[in-house]
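Q: Each chain is listed here by its residues.
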Amino acid sequence: MSQDIYVIIEHLRGQIADISYVLCAAARQMAAASGGNVVGLLLGHNVKDLAQDVAVDRVLAVDDPLLANFVPDVYQQVLANLISASAPRAVLFGDTSIGAELAGALSVQLGLPLVSYCRNVRADDGRLTYVSQLCGGKVMVEGELPAPTALVAMVPGGYQAEQGKSTQPPPVETVAPPALAAGRITLKQYIEPESGDVDISKEAILVSVGRGIQNADNIELVRELAEAIGGVVSASRPVVDQGWLPTTRLVGKSGKRVKPRLYLALGISGAPEHAEAITDSQTIIAVNTDASAPIFDIARYGTTLDLLDLVPVLTEKVRQAKQ
Amino acid sequence: MATTTVSQSSTTFSQSFYASLHEIAGGEKVRTCLQCGTCNGVCPYGYLMDYPPGKMVAALRAQRFERVTEADTVWMCVSCYACSEVCPVRIPLTAGLMTRAKEELLLAGNIPSELQVALENTQRYGNPLGESPRKRADWAKGVKPRVPIMSEERRPVDVLWFVGDYGSYHPRVQPVSRALANVLNALHVDFGILGAEEVSDGDSQRLAGERGLFEMLAAKNERALSQYEFKEIITGDPHAYNAFKNEYPKLGIVYPVRHYTEFLAERLDALKSLFKGEVNARVTYHDPCYLGRANDVFEAPRQLLSAIPGVELVEMPHNRTTSLCCGGGGGGMWMDGFHWEKAHTRLSEWRVREAMQVGADILAVACPYEAPRFEDATKVVPGASRLIVKDIAELLAEAMGD
Amino acid sequence: MHIVVPVKLVPDLVEELVIDPSGTTLDPDTLRLQLNEFDGHAIEQAILLKERGGGQVTVMAPDVEGVDDVLYTAAAKGADRLIKLCGNFGQSVNNHAMACAVANLIKPLQPDLVLTGVQSHSDLDGSMGPLLAAYLGFPYVGYIAGVTLSDGRAVVRKEYPGGLVAEMEVVLPAVLGIQAADQPPRYVAFTRIRQAMKTASIEEQTVEGLDVSGGPTVSRMYKPEAAARATMIEGKPDEVASRLVELFRELGVL
Ligand SMILES: Cc1cc2nc3c(=O)[nH]c(=O)nc-3n(C[C@H](O)[C@H](O)[C@H](O)COP(=O)(O)OP(=O)(O)OC[C@H]3O[C@@H](n4cnc5c(N)ncnc54)[C@H](O)[C@@H]3O)c2cc1C
Ligand code: SF4
Ligand code: SF4
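Going down the list, the sequences are from chains A, B and C. Under the working numbering, think of the first position of the first sequence as 86, with each following residue one higher. Under the working numbering, think of the first position of the second sequence as 12, with each following residue one higher. Under the working numbering, think of the first position of the third sequence as 124, with each following residue one higher.
Derived from the structure by calculation, the hints contain no laboratory data. Heads up, a few of these hints could be off.
[Stated by the list, open to error] Just some of the chain B residues that point at chain A, by a computed CB distance under 10 Å:
1. Arg101
2. Gly141
3. Ser143
4. Pro144
5. Ala148
6. Asp149
7. Arg183
8. Asp387
9. Val391
It should be emphasised that the depicted structure is a prediction, and the values quoted were computed from it without experimental measurement. Quick reminder that beta carbons are idealized off the backbone N, C-alpha and C, glycines included.
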C-alpha cells in the first residue's frame with residue numbers, strides 16, 4: 086500500500102489527450118495532501134518519449150506491440166497487474182471512451198471502489214474528498230474518497246490543463262508487460278471522421294453567430310475566432326436561413342440541442358426557440374449590443390460591445406495566449 | 012372513427028384507406044370529387060406537395076396510395092382548411108383526407124424528427140414543448156388578484172379558463188395569458204384554471220396524425236374537468252377551442268366553450284368603461300385558421316379591436332375565410348426546419364408582408380402560435396421590424412392602462 | 124440471436140431537482156423518473172439488429188415508477204420479452220450492486236449480446252455496461268455508434284473524442300455500451316403502445332442480495348449556484364478581450 090496517485094495517461098495515435106493533463110493537475114494536488122508521488126502510467130508501443138510535458142514525478146511505461154492501440158481487455162490486464170502490485174492511494178482515469186470502461190472493468194476485477202463524474206478532489210486536513218457532478222451537472226455530490234485504494238474517473242472542468250503540464254520531462258521507467266495475449270476484442274481499423282461536417286451537438290466549444298453579424302462576409306471573422314480557440318462555428322436560424330452557414334450548424338428547436346463547455350453567443354438575442362437548446366451548456370458567454378436582450382438571462386458572462394469591434398481583438402489575444 | 016388500417020390480403024392499401032374515409036363524417040363525399048384542382052391551387056404549400064388533396068384523391072382512385080405514404084411531402088400540410096373551404100363538393104379534406112394520410116405516415120414511421128420530438132414530449136409531459144407539467148401555472152405568478160387554480164379553490168366558478176400549451180409555457184405567450192388574466196380580473200369574472208391538471212388539448216397532434224395521443228389527452232383533461240363545477244369553458248387557444256367544440260364531443264366530452272374574444276365581445280360596454288388610454292395605431296387583424304375558417308368566428312375579435320380608443324382597424328387583402336395561414340397548424344409549429352428545407356420561405360412572412368402593405372403599425376392576433384411566428388417573421392421581412400405583433404388581449408390590457 | 128437490454132430509469136432533468144432534507148439524496152416525492160436516454164438507443168439498436176438478422180429481444184428494467192410505460196413502449200417497438208426486476212430499489216442502490224444482481228438474472232437467459240446505454244447521468248460508481256460485463260465475464264466495448272453481427276462476432280464502431288472511429292471486432296457473447304443506435308430511436312404511435320398494453324405481458328423477477336457495500340458514500344448533495352443574470356464585463360474591446368481570455372483559461376477551454 087502506498088500514498089501514490091496513479092494517473093492513466095491517455096493518448097490516441099501519438100497524441101496525449103487533453104484530459105490527461107487535467108488528471109495530472111488533480112493528482113498533484115492529491116499527492117501533496119496524501120504525501121505520495123504522482124506516477125503516470127503510459128501503455129503503448131514506442132511511447133516512452135511521448136510523455137514529455139506531463140506534470141508527474143515519474144512515468145511507468147509499459148511497452149508492447151499488443152498495446153500499440155487501445156484495446157479494452159488487453160489494457161485491462163496490464164493495469165490490473167500494475168495496480169494490484171503497488172496498491173496506490175488512488176488511480177485517476179479520464180471519464181472518456183478509454184478511461185471509463187477501464188475503470189469499470191478494473192473496479193470489479195480488483196474489487197476496488199470507483200467514483201465517476203469526478204470534477205475535483207479536495208484535501209481537507211490530509212483527508213481526500215471527491216466532488217462529483219451528477220444529473221448533467223445539476224447536482225453535486227461529495228464524500229470521502231474511499232480507502233485504501235480508489236479508482237476515480239474524472240470529467241474536465243475542475244482543473245485547468247495548464248496546471249498538469251510541466252516543462253521538465255519526467256523520468257521514465259520502462260517495465261516489462263506480463264505475457265500478453267490478444268483477447269476477445271480486436272481493433273480492425275481506424276476510420277477518420279468524415280470530412281463532411283461536424284456534429285455541433287458533440288462539440289466542446291461553440292462560437293455561435295446570430296443576426297448581429299449583419300452580413301455573410303463577417304462570418305469569416307467568427308470562423309477565425311473559432312479556429313483560434315479550437316472550436317466550431319454554429320448559428321441561430323436567420324444566419325442559416327440566409328445560407329451563410331449550412332443547416333448542420335443550426336442551434337435550436339429546429340436544429341440541434343447542444344451541450345458544449347463553452348457557448349459563445351455573438352449577436353444572438355436569445356429567442357425561446359434558440360435558448361431552449363443551449364441550456365445544457367456549461368458556460369454561456371454573450372456578446373450583444375442590447376443590454377436587455379434575453380440571452381443575458383441565461384448567460385454567465387456578457388458584454389454589450391459591438392461584436393465586430395470585439396471579435397478581431399479577441400481572436401488576436403487568443404492566438405497570443407496559445408503561443 | 013378510424014384509427015388503424017386493417018390490411019387484409021384481399022383488399023389493397025388504397026381500398027382499405029378509401030374505406031376508412033367513410034368512417035369520417037362526410038367522408039363518403041370523396042367519391043364525388045370533380046378533380047377540379049381548386050384545392051391544389053389554394054393550398055399554400057400545394058406547389059411543393061407530391062400529393063396535394065386533389066392529386067391524393069386521384070392516386071386513391073388509381074390504386075396508388077402507397078406512393079402517397081412513401082413521399083414525405085404530406086407533412087407540408089398545415090391543416091389550414093383553405094382546401095376544405097373551397098372544395099365545391101365539400102369533401103372533408105383537412106380533418107379527413109389529409110389527416111388520415113398523416114396517420115398512415117406516422118404508423119409507417121415516416122415522420123420528421125422535429126415532429127417526433129414534439130409528440131414524444133406530449134406523450135411524456137402532456138405538452139409539446141417538453142416543459143415540466145408541474146410548472147404549467149407558473150405564468151400566473153405575480154398576477155393580482157391571484158389566478159384561482161381549481162384544485163386549490165374547491166368551489167364552483169362561472170368560467171373555466173383552459174389556458175393551453177403555449178399560453179402556459181411559451182415566453183412570448185405567457186404575457187398574453189397574464190394580460191387576459193388582468194382583463195378578466197378587471198371585469199370581475201369569476202374564473203379558475205386547471206393549472207398542473209391541464210394537459211395539451213391535443214388538437215394539433217391529432218391533425219399531425221396522432222389520433223391515439225389526442226384521445227389519451229382528451230381523457231386526461233376530462234378527468235380533471237369532471238371534478239369541478241363551472242358554467243362554461245373559455246380559451247385563448249383556437250386549437251383548444253376547436254378540440255372542445257368539435258372533437259371532444261365525439262368522445263363524449265361535452266362542455267360549452269367559447270374563445271375569449273367571443274366571451275369578451277359580449278361584455279363590450281363593461282370593457283369600454285374600463286379603457287383609460289388610447290392605442291393610437293393602425294391595426295390589422297389576422298384571422299387564425301381555427302377561429303375563422305374552421306369555426307366561423309370572424310366578428311368578435313374585430314368588435315373588440317374597434318372598441319379600443321384610437322384604433323384604426325384596416326383589413327388585409329386576405330381576410331376572414333381567405334385568411335392566410337401562419338404555418339403553425341397541423342403540427343407546422345413543430346416542423347419549422349422541415350418546412351424551411353422544402354420551401355425556403357415561411358407562410359408567416361407572407362402574412363407580415365401583407366400587414367406591411369396595408370400600412371399597419373400593429374398586427375393583432377388571437378392565437379398563441381401567432382405572436383412567436385409573426386414576431387419572428389418581422390425580423391426577416393425587409394422593413395418589417397417596425398411592425399408590432401400583439402395579441403388582442405394585450406391590446407385590451409394596454410388600453411385599460413395595464 | 125438473443126439480445127438482452129437491461130435499462131435504467133434516471134431522474135428527469137426537466138423537473139426541478141429537489142434535495143432531500145437529509146442532504147444526501149434527491150427528494151423521492153418530487154423525483155420523476157425517465158428512461159435513460161442512451162438506454163433508449165440500446166433498445167433501438169437491439170430492435171434494428173433483430174429486424175436485420177432475426178432473433179429475440181428481451182428488455183429488463185427495475186420496478187420503479189414509470190417502468191410499465193417504458194416496457195410497453197419497448198414492446199410496441201418490437202421487443203419480445205419484458206422483465207420487471209422487483210426488489211427494494213432506493214436511491215442508495217448503486218450500479219455495482221445492481222449490475223451484480225442483474226448479471227445473475229441474465230446468465231440463465233444465455234444471451235448472445237447484451238446492450239446497455241453507454242452511460243447515464245446518475246452513474247456515481249461507473250456506468251452499468253463495464254460492470255455488467257465484468258460480472259458476466261463477457262468482453263465490453265463502449266461508446267458505440269454502429270453494430271453489425273456476423274457469425275459469432277460483432278463489428279462495432281467505437282467513437283473517440285474528435286470524431287475518430289475505431290472499428291473493433293468482439294467475440295460474442297459480449298456487452299456493448301451504446302452511445303447512438305444506427306438510427307435514432309423510432310416513434311411509436313400511441314395506439315401501438317395501447318395495443319402493447321393489451322397484448323404484451325410483463326414478467327416479474329425478484330432481485331435479491333443487493334450488496335451496496337464498498338462503493339463511494341455521499342456525505343453531501345447540493346446544487347451548484349446558478350447566477351440569476353449574466354455578470355457584465357465592461358470596458359474597451361481590448362480590456363474585454365483580455366478578461367475573456369482569462370475566463371477561457373479558468374473554464375479550461377484554452
Ligand atoms: C417554430 C419556430 C422554430 C424556430 N426554431 C429556431 C431554431 O431552431 N433556432 C433559432 O436560432 N431560431 C429559431 N426560431 C427563430 C427564433 O424565434 C428567432 O427569430 C431567432 O432565434 C433569432 O435569431 P437571432 O438571435 O440571431 O436574431 P435577432 O433576434 O434579430 O437578434 C440579433 C441580436 O443581435 C444583436 N446585435 C445586433 N448587432 C450587433 C452587433 N454589431 N454586435 C453585437 N450584437 C448585435 C441585437 O441586439 C439582437 O439582440 C424559430 C422560430 C419559430 C417560430
Ligand atoms: S389543409 Fe391547408 S395545407 Fe393542408 S392540404 Fe388543405 S390547403 Fe393545403
Ligand atoms: S376541390 Fe374538391 S372537388 Fe376539386 S379536386 Fe379538390 S377535392 Fe376534388
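Q: State for each hint whether it applies.
A: Hints and how they fare:
1. Interface restraint check for B/Arg101: the shortest CB-CB distance to chain A comes to about 35 Å, outside 10 Å, so the restraint is violated.
2. Residue-level restraint check for B/Gly141 holds (minimum Cβ-Cβ distance to chain A is 8 Å; threshold 10 Å).
3. For B/Ser143, the interface hint is violated, since its Cβ never comes within 10 Å of a Cβ in chain A; the closest pair sits about 13 Å apart.
4. Taken as an interface hint, B/Pro144 does not check out: its beta carbon lies about 17 Å from the nearest beta carbon of chain A, beyond 10 Å.
5. Interface hint at B/Ala148: violated, since its Cβ lies 18 Å from the closest Cβ of chain A, which is beyond the 10 Å cut-off.
6. The interface hint given for B/Asp149 is broken, as the beta carbon of that residue sits about 14 Å from the closest beta carbon of chain A, more than 10 Å.
7. Look at B/Arg183: its Cβ gets to within about 7 Å of chain A, closer than 10 Å, so that hint holds up.
8. Taking 10 Å as the C-beta cut-off, the interface hint given for B/Asp387 holds, the closest approach to chain A being about 7 Å.
9. A cut of 10 Å between beta carbons decides the hint on B/Val391: the least distance to chain A is about 7 Å, and the hint holds.
When held up to the earlier numbered hints, the structure conflicts with 1, 3, 4, 5 and 6 and fits the remainder.
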